[in-house]
Amino acid sequence: MNFSEVFKHTNQLCRVSPDGKYLATCVQYRLVVRDVSSLQILHLYTCLDQVTCMEWSSDSQFILCAMYKRALVQVWSLEQPDWHCKIDEGSAGLVSSRWSPDGRHILNTTEFHLRVTVWSLCSKSVSYIKYPKACQKGLDFSRDGRYVALAERRDCKDHVSVFVCDDWQLLRHFETDTQDLAGVEWSPNGCVLAVWDTCLEYRVLLYSLDGRLLSTYSAYEWCLGIKSIAWSASSQFLAIGSYDEKVRILNHITWKKLIEFEHPATVSNSKAVVYKEMERRHVGGCDDLTLHHQITLGGSLFNTQSKYEICPLPVQIPVVKPDSDRANPKVGISSMAFSVDSRYLATKNDNMPSCVWVWDIQRLRLLAVLEQTAPVRCFQWDPRRPRLALCTGSSKLYIWSPAGCISVPVPVEE
Amino acid sequence: MAAVLLVAPGSRKASNLQANLRSADRRELVASHGPRLTKYVPGSGRWARFRRFHRRHVSDTSGVHRDLCAEKPFIATCVALALRSPADSQLFSHPADTGDRWTPAMAESSLESSNMSCNSSRLMYPSRNHTHSSMPLSKQSYSVLSAFCSEGNIAQCISYINQEMSSLGFPALCNELDSGGDLKAVSVLNNMYELLQLHRRSLRALEELETEQLKSASHLEHLKLCNSRLKEQLEQSRRESTGLCERERQLQMKVKSLQNCLKNEKEEVQKLQNIISSRASQYNHDMKRKEREFSKLKERLNQLLIDKKDKRLAIEVLNYVGRSDGKRSLWKTGKTEARNEGEMYQTLLNDYESRQKELLVENAELKKVLQQMKKEMVSILSPRKHSQKGETIDDSLDLPGSENEEEVCDSSRETLELSCEHAREQLTNSIRQQWRRLKNHMEKLDNQASLVQNGSLGDNEVISRKSHEETVEKLKLEIQQCKDFIQTQQQLWQQQLSCPCDDETAALLNDCYMLEEKERLKEEWRLFDEQKKNFEKERRNFTEAAIRLGHERKAFEEDRAMWLKHQFLNMTPFLDRNKSQSALKSPEASEVTVAPESQYHNAFSTPKAAPAKIPSTADLYRTLRLLPDHGSPRSQPKNGNWQDSDVILSRDVSAKSGFLGAADCSIYSLVGTESSPN
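Which chain is which? The protein sequence lines are A and B, in order.
With the numbering used here as the guide, the letters of the first sequence map in order to residues 1 to 414.
With the numbering used here as the guide, the letters of the second sequence map in order to residues 1 to 678.
These are computed hints drawn from the structure, not numbers from a lab.
By construction, the Cβ of each residue, glycine as well, lies at the ideal position given by its N, Cα and C atoms.
Hints may contain errors.
In silico EDC-like pairs for lysine to aspartate or glutamate, Cα to Cα no more than 20 Å straight-line [as the list claims (entries may be wrong)]:
1) Lys-124/A to Asp-144/A
2) Lys-298/B to Glu-111/A
3) Lys-130/A to Asp-307/B
4) Lys-130/A to Glu-268/B
5) Lys-296/B to Asp-155/A
6) Lys-86/A to Glu-316/B
7) Lys-288/B to Asp-210/A
8) Lys-157/A to Glu-552/B
9) Lys-308/B to Asp-210/A
10) Lys-335/B to Asp-210/A
11) Lys-308/B to Glu-111/A
12) Lys-298/B to Asp-244/A
13) Lys-124/A to Glu-316/B
14) Lys-296/B to Asp-210/A
15) Lys-69/A to Glu-316/B
16) Lys-288/B to Glu-299/B
17) Lys-130/A to Glu-293/B
18) Lys-290/B to Asp-210/A
Residues on chain B that point at chain A, a partial pick, calculated with CB under 7 Å [to be verified]:
19) Glu-291
20) Ala-314
21) Asn-340
22) Asp-351
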């Protein structure tokens, strides 16, 4: 693995273009575009204010820079550096800005979710979509970019509108049987829309593209319900993570539960491998003899070197007791992701913040548990291969693959 | 003998009177049974009669004694004896259970055994006591007697006593015939003696009765004690029962209170539930109200924003860009709507179609598997059936069905592709039946196996095992040989690959392995050489010709020069030009003909043997299944990509998988997962 020098950026605005050729970073009000291979600066754009949101268009030709405070959006072109576009939402305010999948329209959500404005870069037309719902995931484009589903709230009832992205025409509009809709998500093949209810009610509704209700799934009542949802890349499985620290997987034929993955505090499954990150200070000839010395000395963040060790089962996993008095308790499955080949599922349980669980979907069992020394911030699958990268906010990057687990210290100059 | 027995408890004095015993016992018996013998007539037959009676009596009395002794409760006896003779009490101081067996035995022995001295010594004390106690009594009687008789009334006394005596059945004291009234000393003495004996006996009886009384008294006491104890117990149990009653009452009270509590709690719960539901409905209502307000506000705000004609709300674009698909945007019409609908349904249709295809494929595969299973089952089951045709009734009963099934199976196979409902059912049914039969068969086999295991571990098995071991040995040997063979092969390969610098061995190996090819190559080479030679020859010819030509040319040139000179001098240039051009052409032509040679050469050059991918030993072994996967000898649940030396694995992983990976974390890549260790 090679490492570039360190680039400055603000607001964690650092994006690689969809075609993988460019790297855009924002430093205050400046936008820097680099060539990924040579890391040379190709373009330098200057925005009107500090950028709060930045996004590449799907064809990697435009970059959108939003300044929410000033309700401004600026668009820059890579092909024509002197081309510019500025969208001002005015007094309506701006809370979210994003590209449509065709890369020629920008969807701005105004303050208080008053409306969604669709600005076109091809023509002067402006469309408004009223009654968007402010929720976990109120807007979702289908993977092929043809449709967009939008959660709406009208007359104290939840609705879903499906628009055709080509001409922003309303295709379907239907009321959903939810108390308080929390999110919508298309299946990767764009034929099924998963709609889930707020955490007070465990309910998943599956709608066909034409608005027919295919199925409803509810695992239990009264307790806090769904926390996260994830489709497998093959659209074959729908994983539902909930506050009861379980992941339930539905199949795409009957929409019934296929299996339930628990996240027990004691891993005793003999087939699972538990990798535990062991930290130690880095010294030139890191011998085992000096190990004790180093541990007793303790190390600074950047000097420590870590490696994985396989723990003999059963393993006790550190559990953080959630504060039950507070809203949104830190318990349950908050993030899940399928690998690109749909063979593996990575999950994270919020009350075991330092652990990532990897499940084998082919055999429907636990495959590996990665126990880190620090809470896991985020994890992501390789878009090509079954390989999982995660970070914990330390100077190291961790990679899991079916073959094993490694930790890579990122060289940083202090 | 019997007399002794009867006397024995009496006293020792009796033994002193042994001399008189014979006569005495007669009288004694008479005395003791006086009332019955009142009509006793002294005479000749008297002795014999007495004897008869005596015998009967002895048996009688001994029986009585025995009964008496046997029936007495032990405790009473014990207490009585203890009271009477403290010195002797040690004899009876045994605890109740031992003494229980003791005393009756003793009593019996005292009655029946001939060991007189022992018994008498034991029972001496009471008798002595008795004599002492009887002393004052005799004195008193004496004084009374003296008062009864005085000097004056002797005769009256005698007659009175005589009367009395006779009335009591004693022989007369004096002869009545001679009314003189002198006493017959012998009869008096005899009477006296008998009286004494009587007295003694009565005393003894009294004593016995006293003992008896004591015994019964003690018994009574004991019973009283028992009674009081039982009363106490009764009292206690009464108290207990009252206590328990009290407790029960309390518990019932408690239960009642708890039930009340429960009821209250239930009511509370109900109330709370009602409260919750009412609150929830209220909350929902309020929420709805607020949401309505909120949406109204939103509406208003929206309206305001629109009315305000916000100047800032705008888009500034330098120039509009084309759509990503290059098309122009279309007007929104009914047509586009219809198109969108169509497209949507198209997508859905495609999805369903693909899914159906997938399902069809899956179904077909499953059917195939089912079919195969069925076939295999039939094939497994059929020979068994033939062999056991007449064996069991079940099988014979099954047979027609199975034939039928086979038909069904065939027919179902035919109709399988049509996936006819009926055929499917038949197929599944037949499969089920076959499966059942297979299961039965398996069970039978299992039973047989267990029987064999239990029944006979005979020589048969031993032999088979031996042969089995032999074959295993043989196979092992073979494997070893194969391994060796492969090893040598591998070595040769390695040598050939690794040290091509070693020309000799390489040549040798090449010779070994590519003899045929070499031969062929040589042939070709030879041909090539020949051709080369030919070409060389031709070339030489050509060069010679060229040289010749050069010479000629030179000559010609000279000639021409001469001629030109000559011509120049003569001034007629146009005649020779054509001639010179034709001359110039010839060397060019020669070159052209040469060119193909080089081409031919190129075409003919033997291409170098393609670097065929040579498999490693591990691969070879793996294909031969002599070795498990190289990377995971311990069946690590990984995919066996461990030989990849680039991946840095944690030490434990490597230890577990038997692979020692580099522990350095700084340089690595996961790219090389497919690269083999060679």
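Now for the hints, and whether the structure bears them out:
| no. | hint | verdict |
| --- | --- | --- |
| 1 | Lys-124/A to Asp-144/A | violated, 25 Å |
| 2 | Lys-298/B to Glu-111/A | holds, 10 Å |
| 3 | Lys-130/A to Asp-307/B | holds, 16 Å |
| 4 | Lys-130/A to Glu-268/B | violated, 47 Å |
| 5 | Lys-296/B to Asp-155/A | holds, 10 Å |
| 6 | Lys-86/A to Glu-316/B | holds, 5 Å |
| 7 | Lys-288/B to Asp-210/A | violated, 29 Å |
| 8 | Lys-157/A to Glu-552/B | violated, 112 Å |
| 9 | Lys-308/B to Asp-210/A | violated, 38 Å |
| 10 | Lys-335/B to Asp-210/A | holds, 18 Å |
| 11 | Lys-308/B to Glu-111/A | holds, 17 Å |
| 12 | Lys-298/B to Asp-244/A | violated, 36 Å |
| 13 | Lys-124/A to Glu-316/B | holds, 10 Å |
| 14 | Lys-296/B to Asp-210/A | violated, 31 Å |
| 15 | Lys-69/A to Glu-316/B | holds, 19 Å |
| 16 | Lys-288/B to Glu-299/B | holds, 16 Å |
| 17 | Lys-130/A to Glu-293/B | holds, 16 Å |
| 18 | Lys-290/B to Asp-210/A | violated, 33 Å |
| 19 | Glu-291 | holds, 5 Å |
| 20 | Ala-314 | holds, 6 Å |
| 21 | Asn-340 | holds, 5 Å |
| 22 | Asp-351 | holds, 4 Å |
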